[in-house]
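Asks: Residues per chain are reported as follows:
Number of protein chains: 2
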Amino acid sequence: MYRTHTCGELRAENIGQQVTLSGWVQKTRELGGMTFVDLRDRYGLTQLVFDLSKNPELTELARDLGREYVIKVTGTVIERENKNKKLPTGEIEILASQLSVLNASETPPFTIEEESDGGDELRMKYRYLDLRRYPLQRNLELRHLMGIEVRNYLHQHKFFEIETPYLIKSTPEGARDFVVPSRMNPNQFYALPQSPQTFKQLLMVAGYDRYFQIVKCFRDEDLRADRQPEFTQIDCEMAFVERDDILDMFEGMTKHLFRKLKNIAFDYTFPRMPYDEAMEFYGSDKPDIRFDMKFNDLTSLVQGKGFVVFDQAEYIAGINATGCAAYSRKELDALTDFVKRPQIGAQGLVYVKYNEDGSFKSSVDKFFDETQLKTWAETMQAKPGDLLLILAGAKKQTQHALCELRLEMGERLGLRDKNTFAPLWVVDFPLLEWNDENQRFYAMHHPFTSPKPEDIALFDTDPGKIKANAYDLVINGVEIGGGSIRIHNRELQEQMFKVLGFTKEESEAQFGFLLNAFKFGAPPHGGVAFGFDRFVSLFAGLDSIRDVIAFPKNNSGRDVMIDSPSAIALEQLQELFLTLKKPE
Amino acid sequence: MYRTHTCGELRAENIGQQVTLSGWVQKTRELGGMTFVDLRDRYGLTQLVFDLSKNPELTELARDLGREYVIKVTGTVIERENKNKKLPTGEIEILASQLSVLNASETPPFTIEEESDGGDELRMKYRYLDLRRYPLQRNLELRHLMGIEVRNYLHQHKFFEIETPYLIKSTPEGARDFVVPSRMNPNQFYALPQSPQTFKQLLMVAGYDRYFQIVKCFRDEDLRADRQPEFTQIDCEMAFVERDDILDMFEGMTKHLFRKLKNIAFDYTFPRMPYDEAMEFYGSDKPDIRFDMKFNDLTSLVQGKGFVVFDQAEYIAGINATGCAAYSRKELDALTDFVKRPQIGAQGLVYVKYNEDGSFKSSVDKFFDETQLKTWAETMQAKPGDLLLILAGAKKQTQHALCELRLEMGERLGLRDKNTFAPLWVVDFPLLEWNDENQRFYAMHHPFTSPKPEDIALFDTDPGKIKANAYDLVINGVEIGGGSIRIHNRELQEQMFKVLGFTKEESEAQFGFLLNAFKFGAPPHGGVAFGFDRFVSLFAGLDSIRDVIAFPKNNSGRDVMIDSPSAIALEQLQELFLTLKKPE
Numbered sequence: 345m346y347r348t349h350t351c352g353e354l355r356a357e358n359i360g361q362q363v364t365l366s367g368w369v370q371k372t373r374e375l376g377g378m379t380f381v382d383l384r385d386r387y388g389l390t391q392l393v394f395d396l397s398k399n400p401e402l403t404e405l406a407r408d409l410g411r412e413y414v415i416k417v418t419g420t421v422i423e424r425e426n427k428n429k430k431l432p433t434g435e436i437e438i439l440a441s442q443l444s445v446l447n448a449s450e451t452p453p454f455t456i457e458e459e460s461d462g463g464d465e466l467r468m469k470y471r472y473l474d475l476r477r478y479p480l481q482r483n484l485e486l487r488h489l490m491g492i493e494v495r496n497y498l499h500q501h502k503f504f505e506i507e508t509p510y511l512i513k514s515t516p517e518g519a520r521d522f523v524v525p526s527r528m529n530p531n532q533f534y535a536l537p538q539s540p541q542t543f544k545q546l547l548m549v550a551g552y553d554r555y556f557q558i559v560k561c562f563r564d565e566d567l568r569a570d571r572q573p574e575f576t577q578i579d580c581e582m583a584f585v586e587r588d589d590i591l592d593m594f595e596g597m598t599k600h601l602f603r604k605l606k607n608i609a610f611d612y613t614f615p616r617m618p619y620d621e622a623m624e625f626y627g628s629d630k631p632d633i634r635f636d637m638k639f640n641d642l643t644s645l646v647q648g649k650g651f652v653v654f655d656q657a658e659y660i661a662g663i664n665a666t667g668c669a670a671y672s673r674k675e676l677d678a679l680t681d682f683v684k685r686p687q688i689g690a691q692g693l694v695y696v697k698y699n700e701d702g703s704f705k706s707s708v709d710k711f712f713d714e715t716q717l718k719t720w721a722e723t724m725q726a727k728p729g730d731l732l733l734i735l736a737g738a739k740k741q742t743q744h745a746l747c748e749l750r751l752e753m754g755e756r757l758g759l760r761d762k763n764t765f766a767p768l769w770v771v772d773f774p775l776l777e778w779n780d781e782n783q784r785f786y787a788m789h790h791p792f793t794s795p796k797p798e799d800i801a802l803f804d805t806d807p808g809k810i811k812a813n814a815y816d817l818v819i820n821g822v823e824i825g826g827g828s829i830r831i832h833n834r835e836l837q838e839q840m841f842k843v844l845g846f847t848k849e850e851s852e853a854q855f856g857f858l859l860n861a862f863k864f865g866a867p868p869h870g871g872v873a874f875g876f877d878r879f880v881s882l883f884a885g886l887d888s889i890r891d892v893i894a895f896p897k898n899n900s901g902r903d904v905m906i907d908s909p910s911a912i913a914l915e916q917l918q919e920l921f922l923t924l925k926k927p928e
Numbered sequence: 345m346y347r348t349h350t351c352g353e354l355r356a357e358n359i360g361q362q363v364t365l366s367g368w369v370q371k372t373r374e375l376g377g378m379t380f381v382d383l384r385d386r387y388g389l390t391q392l393v394f395d396l397s398k399n400p401e402l403t404e405l406a407r408d409l410g411r412e413y414v415i416k417v418t419g420t421v422i423e424r425e426n427k428n429k430k431l432p433t434g435e436i437e438i439l440a441s442q443l444s445v446l447n448a449s450e451t452p453p454f455t456i457e458e459e460s461d462g463g464d465e466l467r468m469k470y471r472y473l474d475l476r477r478y479p480l481q482r483n484l485e486l487r488h489l490m491g492i493e494v495r496n497y498l499h500q501h502k503f504f505e506i507e508t509p510y511l512i513k514s515t516p517e518g519a520r521d522f523v524v525p526s527r528m529n530p531n532q533f534y535a536l537p538q539s540p541q542t543f544k545q546l547l548m549v550a551g552y553d554r555y556f557q558i559v560k561c562f563r564d565e566d567l568r569a570d571r572q573p574e575f576t577q578i579d580c581e582m583a584f585v586e587r588d589d590i591l592d593m594f595e596g597m598t599k600h601l602f603r604k605l606k607n608i609a610f611d612y613t614f615p616r617m618p619y620d621e622a623m624e625f626y627g628s629d630k631p632d633i634r635f636d637m638k639f640n641d642l643t644s645l646v647q648g649k650g651f652v653v654f655d656q657a658e659y660i661a662g663i664n665a666t667g668c669a670a671y672s673r674k675e676l677d678a679l680t681d682f683v684k685r686p687q688i689g690a691q692g693l694v695y696v697k698y699n700e701d702g703s704f705k706s707s708v709d710k711f712f713d714e715t716q717l718k719t720w721a722e723t724m725q726a727k728p729g730d731l732l733l734i735l736a737g738a739k740k741q742t743q744h745a746l747c748e749l750r751l752e753m754g755e756r757l758g759l760r761d762k763n764t765f766a767p768l769w770v771v772d773f774p775l776l777e778w779n780d781e782n783q784r785f786y787a788m789h790h791p792f793t794s795p796k797p798e799d800i801a802l803f804d805t806d807p808g809k810i811k812a813n814a815y816d817l818v819i820n821g822v823e824i825g826g827g828s829i830r831i832h833n834r835e836l837q838e839q840m841f842k843v844l845g846f847t848k849e850e851s852e853a854q855f856g857f858l859l860n861a862f863k864f865g866a867p868p869h870g871g872v873a874f875g876f877d878r879f880v881s882l883f884a885g886l887d888s889i890r891d892v893i894a895f896p897k898n899n900s901g902r903d904v905m906i907d908s909p910s911a912i913a914l915e916q917l918q919e920l921f922l923t924l925k926k927p928e
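Here the protein sequences line up with chains A and B, keeping their order.
Just so we're aligned, residue 345 is where the first sequence starts under the numbering used here, counting upward by one.
Just so we're aligned, residue 345 is where the second sequence starts under the numbering used here, counting upward by one.
Among the hints, erroneous ones may be present.
Each pair may be met inside one copy or between any two copies, as identical chains are not told apart.
Taking lysine to aspartate or glutamate and the EDC-like style, the derived pairs with C-alpha atoms no more than 16 Å apart in a straight line are [to be verified]:
#1 K740 to E624
#2 K863 to E450
#3 K842 to D382
Hints in this document: simulated from the structure, not taken from any laboratory.
In isolation and in its complexed conformation, chain A is listed as follows (with noise of 0.2 Å):
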């Protein structure tokens, strides 16, 4: 038997009795004839105390033990001097009477602390030690947590998770597929699914009605610092239902996370704003709401007077830095220079600095009156004592621009806690994305996404224009889950392949399955997917996905652990019918 119980969990009352514990060593120290150990385990801290006066062959013994060696120790529960109040054990000690050693350890190339001290390099090598540490055991088990209050939630909604397969097809639409050579079937290839979308949506057509799953995706895409080669989705689709249904259903999911996880109570429906809404007033579709600060479009109240930059603009906007009157020159060229950066892209900045006795000093002074600067505050709600930051050029390049800039501002003025949280939908995405380059539309979503019935009648006329039944779920600016309404009708699947340039013979070949279907009776439905590694890194504080997946892959895709990917020998591939490129 290698413990009675764990390190965290042994208080005040149960002094005097005989315990043992196993666990690794966090530390030793020496005081006076006594030998100190704190013992850790996923389950909390316990110091073990050693009296060389009592038992000295035990306390050499001790005194060898280095850092994360994994001991087992038998002794009593006693009540210990100077109390460690921010330890939940930190009551009691162990006066150790048995030791004994389960296995050394060499020393770590970091120290597992709270904070380590090792590189980002050292510590994805070195993963199952930084896993040792206890803010990532805090994160899977949040993660781990999160995964059985989703499934409570759907189970209670009477959804099934039906597991769909990971050895699929290989589509040219939409990301880069992972393939996988068929032995049985030489020269043939499996993919990796992106998503199960094809295949929930069969289980709709098969009458489950209501399907979950918590699943791995694949995507072989050239990877930011946030995106990962295979990532984890709750995937979801009901059928015989309208969009607010499925709002409303996943609404309810995710306040009942908040309510389980954070302690937080939503009593209000999130704000569902329109795609063109939130281009409108945010440059974005994920914006922050967590603070104000919209957008106010000037373009028709700033031109004609003189100013070539504004009169050449295709579009002027600005937003209103409540308070921020007194930035100085350093602050603002700094500014200047964050949307100045090539990720942004503007051209440069034009600032109002509405004084706090009601003067104004702008950056075009030159161009614009007093009076005028003042129809600007006006129309920008501003008070003496704000700061008007506003950009110009190209529509898209300038709401981009501006957007970013309004988080700045955001984070600057301290509005972007991490423990607030404002969530809202997305709604009334458009279908279609034109490609200049391919000269073609994409979906915008996916080719199954249906348009808004009302639409239907543009993909005769100006297919850019239809509104697609889309929805995303946006928290902190960060897109936590999309979904649309699905077509279910086969004519209506066939217009949309062809607005995206597929002929008959590629839809057939690629999706014919899924037009099959569609002839036995589909009944309406849609979905919704969530980015599960990005939920749990929004609830657990972080910026990256990265730490709360327990072994991520680097920039390159690479597990520099267990380095893969690797060779592989030549009789798997004669076995494969394949041979191998050089790169050039």
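Put chain B on the given structure of chain A with help from the hints.
Replies: Frame of chain A, contents of chain B only:
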């Protein structure tokens, strides 16, 4: 709004209510001026009635409904004249006042009833239609509920569900891997996991203590009837435990599942049978102990009496088929044919009838007199009316054949009731298996399995004799799960790799990350993995796992519904630096 109720919900107390239902047309029939429609959804069947005299237009519309049309109907709940006691909704019907066709359906290629008239291939191609049948829906509901209960139990016992990666590293040991070419790391491959074995061990090294995961695993094997290239495991691992801690924990889980899902309470500890005993008495490491009929080793008793078949045999053993002395010549011939089948492989069958009158009649009367046969009968605890069935030959083959014969007799005697469950743990497996072809040992379980401590010395003298600290959960002759205490000591792990014929370089290249992890304080640990598909199919009373999987593959690893695997585009191959070789 598509429905106020489901098709399984309405009862007598709803009479008089106005309701809306949606679902599939199961069938329509005419009776006088009335049209009756059975409407089906996941929750049940409800009868709709259309009255030609009251609503001719609507009734005409109803008459045109085909099988599997999706409709929405509004009407009043009325009492049914001819109540259908078999149906939960059988007391009522809906007098329809509105009807809309949500989607039409072509005539499905087979009937969607409890029993379908479609052949296997057709039902696989139209799996989404086959999945509409209630037997399949019940299987998938059972699977969902088992998943929920597994998680409930393990969560209550402080396990964390932790996701391990799917894109891992290929190792030549064990079954064949599916591999995934990496685009970003040219000429290198990931492998899909055959199990999360090494990752769950790393989680123990990382201090997680109690891990589980319901997870897909992949094996590129030649498929037998009841194997799938992707299958699901309940994968579990614990640290600071001995074997019996694990058996107790997962016996608890198994009992929890039986109680919750089958309403069966086991009030005893599952038998723990050593492998040697299982082989001796049942000729199998997965004995079906729903019935007794143990093997009786007759070798020393029957040899040396001049019957050359016995005298030349390594092993002679028999079973007592209680009450079968009256078997006819034809029945005995059929049994002889059964044991001589190539997959069973016996040379012949010796029978001894212990007649009701106390006399004996055997197929070896020439060599053995009644006194001798009586000794056999006593040894085998036979009574008048019993039939002794005896096989002889090489030990291993004869055990196998007699095991099959025992199961066949159990079947014939009705001793293998699908609603009776007899679980046991088989323990103390051999650690290693000698492979004659490759002239080396293979790990019987896997290379991380710990030998029993008392057997470690045998590594130097007689490795084949070492027993493993391994165990299987067997229910009704089916291996439902298996696991072991793992090696947690680097030196012992190296010794194991050595006996398996790995060079130091090979073991470093393949499992270096695990051996490295063992340097930093690996705790004692062990675990178990359950075949989830098989567990569900056992509970569902099915012989195959196929119908507890929503979208299974056929015996060539093909998904005939989506037609996968399939060819991929040349550009995809080029991006992956691969070229295809034509199979010869």
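Asks: None of the hints should be skipped; say for each whether it holds.
Replies: Do the hints match the structure? See the list:
1. K740 to E624: within (10 Å within a copy, 78 Å between copies)
2. K863 to E450: Intra 65 Å, inter 6 Å, cutoff 16 Å: inter-copy only.
3. K842 to D382: Neither: 68 Å inside a chain and 37 Å across chains, both beyond 16 Å.
In summary, the structure is inconsistent with hint 3 from the numbered list given earlier, while agreeing with all the others.
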